[in-house]
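Engineer: Sequence:
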Amino acid sequence: MGATLHPTRTFRLPLPLPSVTASTAPYAAPRAAPTHRILGALGMLGSPVFLVQWLFLATPDGRPAETPLGTYMDLAYLAGWMCSTVAIRAMRATGRRRGAAVLFALQVVGLLLAAGQEIQDLMQRRPFGDAFYGVTDFSWPLSHLLMIAVGVAVLRANVWTGWRRWAPLACGMALPIGLASGAAFGQPALMATFGIGTAAAFFALGLAVWSAPEVEQPLD
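In this note's numbering, the protein residues as written are 1 to 220.
I should point out that these hints are in silico values taken from the structure, not numbers from a laboratory. Take every hint as true, because none was put in to throw you off.
Have a look at the derived ranges for each label pair, beta carbon to beta carbon: (1) Y72 / N158: 37 to 43 Å; (2) D130 / W163: 41 to 47 Å; (3) F185 / F128: 35 to 41 Å; (4) T35 / V109: 19 to 25 Å; (5) T67 / R97: 41 to 47 Å; (6) W163 / P127: 42 to 48 Å; (7) R96 / R125: 41 to 47 Å; (8) F138 / A65: 18 to 24 Å; (9) P213 / V108: 22 to 28 Å; (10) G95 / R37: 19 to 25 Å; (11) R125 / R98: 36 to 42 Å; (12) R37 / F132: 33 to 39 Å; (13) I177 / G95: 23 to 29 Å.
Even for Gly, the Cβ is constructed at its ideal location relative to N, Cα and C.
Working from the sequences, and respecting the hints, build out all of it.
Structural biologist: Spelled out as structure tokens, the structure:
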């Protein structure tokens with residue numbers, strides 16, 4: 001029996017799907033950078049603030065100059081630090097237990113208080129009184145020392161491997177080493193040691209975040 005065509009049926013040839021070739025590849029939509037790479041890059045950008053202040057903004061006796069530029073730089077340092085802190089938590093590099101969440105909350109509060117001091121300095125006012133200003137001032141060294149606890153948590157969690165797992169602890173040790181250097185050799189040595197130490201350690205922390213393999217990032 002011969003084949004017949006249905007009177008109401010239309011036949012269309014399938015159209016070929018567009019393919020990406022070497023000539024069309026430049027016009028393909030770019031893939032967005034993973035969040036941890038953005039946070040890590042910002043962390044690295046903020047890391048050399050104290051080094052730059054020691055090299056270019058320090059007073060003749062080796063103390064940090066209190067200028068609006070220096071204050072804005074301090075805020076940039078805190079912003080980069082906060083980016084690395086958020087990434088560490090997102091990657092669960094300090095672990096998944098409640099203690100890791102508490103540690104993250106303490107870090108955020110400490111960094112926000114430190115930023116509060118800088119904002120008060122820019123305003124040249126202390127709207128909440130001297131006591132609150134003292135708390136915000138104290139949050140600076142306390143937040144740096146808290147990085148020792150973060151470093152220990154990262155080592156225990158064993159999510160990061162290799163050199164990355166030592167970067168948070170190095171950030172925490174920058175202040176004790178700087179204070180020891182200052183006690184032994186004076187204020188200029190403190191500024192130099194702390195500037196170099198924080199630049200190296202926080203750059204390494206940002207790089208650890210930026211370069212962490214995606215398989216090590218259980219974002220839940």
